[in-house]
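J.: Take a look at the letters that make up each chain.
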Amino acid sequence: MDAPQTGEFAHIGKSVVIKGELSGSEDLYVDGNVEGKIELRNHSLTVGPNGNVKADVTAKAVVIQGKLDGTVNASDRVELRKSAVVTGDVTTQRIAIEEGAFLKGKVDIQKEAGKAAAPASS
Amino acid sequence: MASVSDNVMKFFRSSSNRTAGAAVPQKLTRRSSGMGEISRLLNSQEGLCVLDMGSTSANNIRFFTGKGHKNYSEDLLRSSLDPALRIQDSAGNTVVDSKKFLDENLVYANAQFDVVLCWNLPDYLEESLVKPAIDRLWSVMKPGGYLLAFFHTRDAGPDSTCYRYHVTGTDMLEMQEVKFAPPGRPASDKQSPRLQRVFNNRHIENLFRDFASIKFFLARDAIREVLVVR
Numbered sequence: 001m002d003a004p005q006t007g008e009f010a011h012i013g014k015s016v017v018i019k020g021e022l023s024g025s026e027d028l029y030v031d032g033n034v035e036g037k038i039e040l041r042n043h044s045l046t047v048g049p050n051g052n053v054k055a056d057v058t059a060k061a062v063v064i065q066g067k068l069d070g071t072v073n074a075s076d077r078v079e080l081r082k083s084a085v086v087t088g089d090v091t092t093q094r095i096a097i098e099e100g101a102f103l104k105g106k107v108d109i110q111k112e113a114g115k116a117a118a119p120a121s122s
Numbered sequence: 001m002a003s004v005s006d007n008v009m010k011f012f013r014s015s016s017n018r019t020a021g022a023a024v025p026q027k028l029t030r031r032s033s034g035m036g037e038i039s040r041l042l043n044s045q046e047g048l049c050v051l052d053m054g055s056t057s058a059n060n061i062r063f064f065t066g067k068g069h070k071n072y073s074e075d076l077l078r079s080s081l082d083p084a085l086r087i088q089d090s091a092g093n094t095v096v097d098s099k100k101f102l103d104e105n106l107v108y109a110n111a112q113f114d115v116v117l118c119w120n121l122p123d124y125l126e127e128s129l130v131k132p133a134i135d136r137l138w139s140v141m142k143p144g145g146y147l148l149a150f151f152h153t154r155d156a157g158p159d160s161t162c163y164r165y166h167v168t169g170t171d172m173l174e175m176q177e178v179k180f181a182p183p184g185r186p187a188s189d190k191q192s193p194r195l196q197r198v199f200n201n202r203h204i205e206n207l208f209r210d211f212a213s214i215k216f217f218l219a220r221d222a223i224r225e226v227l228v229v230r
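Protein sequence lines correspond, in order, to chains A and B. The letter at position 55 of the first sequence is residue 55 when you use this note's numbering, and the numbering goes up by one with no holes. The letter at position 124 of the second sequence is residue 124 when you use this note's numbering, and the numbering goes up by one with no holes.
Quick caveat, the hints were computed from the structure, so don't treat them as lab data. This structure is a prediction, so every number in the text was calculated from the model and none was measured. Worth double-checking, as some hints may not be accurate.
[What the hints assert, rightly or not] Keeping only pairs whose Cα atoms sit at most 25 Å apart, straight-line, the calculated SDA-like set for lysine to any residue is:
| no. | chain 1 | residue 1 | chain 2 | residue 2 |
| --- | --- | --- | --- | --- |
| 1 | B | K70 | A | E39 |
| 2 | A | K82 | B | K100 |
| 3 | B | K67 | A | T71 |
| 4 | A | K104 | B | E177 |
| 5 | B | K99 | A | D69 |
| 6 | A | K67 | B | G169 |
| 7 | A | K67 | B | L106 |
| 8 | A | K67 | B | K70 |
| 9 | B | K67 | A | K67 |
| 10 | A | K111 | A | G88 |
| 11 | A | K106 | B | G169 |
Chain A on its own, in the form it takes in the complex (with noise of 0.2 Å):
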């Protein structure tokens, strides 16, 4: 995933730290560090190739192409590109992980109700 434009994701830059919770209502663009908790229940979150997460992330969806320390929880998908660093457990409904990333830690595939869990891709 490209950058996004600014106008559609609130942007964290590279050179911003945040220690806190997080929350919102719309998609978040993470490219500095953040450390604490963040909370996008119905939105989606990129970790830029920037990016420095140490926190506990609920999501809709996950994108991570940087460094996330921490529990990501995904109702929809979590994609890891090849920059990615994830150490953490990830629960997800799909993951797609490219050639290149790295996680430690445990998948759990958790279908929604009613629904067949779409397969996991690379």
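Chain A is fixed; fit chain B onto it per the hints.
T.: What follows is chain B alone, placed relative to chain A:
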């Protein structure tokens, strides 16, 4: 006195036997009797916990989660090369801090895993870490759990290619050459791990002496598959 970087570099081959400049690692396939036995277990139950100790594999995650199981990934070989694990002993020699290694890796609850896929890890891991890692695996496996490991035979030379195994079918594996940059080196300087040792059957039995049973599968290539029951 060997420096820390020299100590780490002994784990890498000086050259690859692949054609220089190849952009995509060549993938081979092999049939695995051990994986076939594990697949029978995976097909008979749901919700099992599988620990895959190779590098992150989308194939494997897809295979195991597609059958309704939980997949844990931990690249122990890569973790073992962390320069921060190297310490000086009382004689001034650089050794690996196995206690720190186990404080930071394979940290799981006791009796958590139904299946552990060691692949070829024991053949490539630092000597002082092999037995502690196997002992830790004994602790985190459920009684009756399966562990699959691959060991080179004596026919394998010291420059035997280190492969990552991707599960592509019930008993089929795709083999991908492992290359990664040694710690402190640029990403472009990827090298292949060097075979550290060749176990004989007695050594393998001794390594897994705390387990309930052990079964060997011989194949036409220079690999012995070992299926161990906790």
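J.: Give a verdict on every hint.
T.: Against the structure, the hints:
1. K70(B) x E39(A): holds, 24 Å
2. K82(A) x K100(B): Roughly 29 Å between the alpha carbons, so the hint for K82(A) and K100(B) is violated.
3. K67(B) x T71(A): Status holds; Cα separation ~22 Å.
4. K104(A) x E177(B): holds, 20 Å
5. K99(B) x D69(A): Holds - the C-alpha atoms of D69(A) and K99(B) are around 23 Å apart, at most 25 Å.
6. K67(A) x G169(B): violated, 32 Å
7. K67(A) x L106(B): With Cα atoms ~21 Å apart, K67(A) and L106(B) stay inside 25 Å; holds.
8. K67(A) x K70(B): Holds, at about 22 Å.
9. K67(B) x K67(A): violated, 29 Å
10. K111(A) x G88(A): holds, 20 Å
11. K106(A) x G169(B): holds, 21 Å
In this structure, the earlier hints numbered 2, 6, 9 are contradicted, and the remaining ones agree with it.
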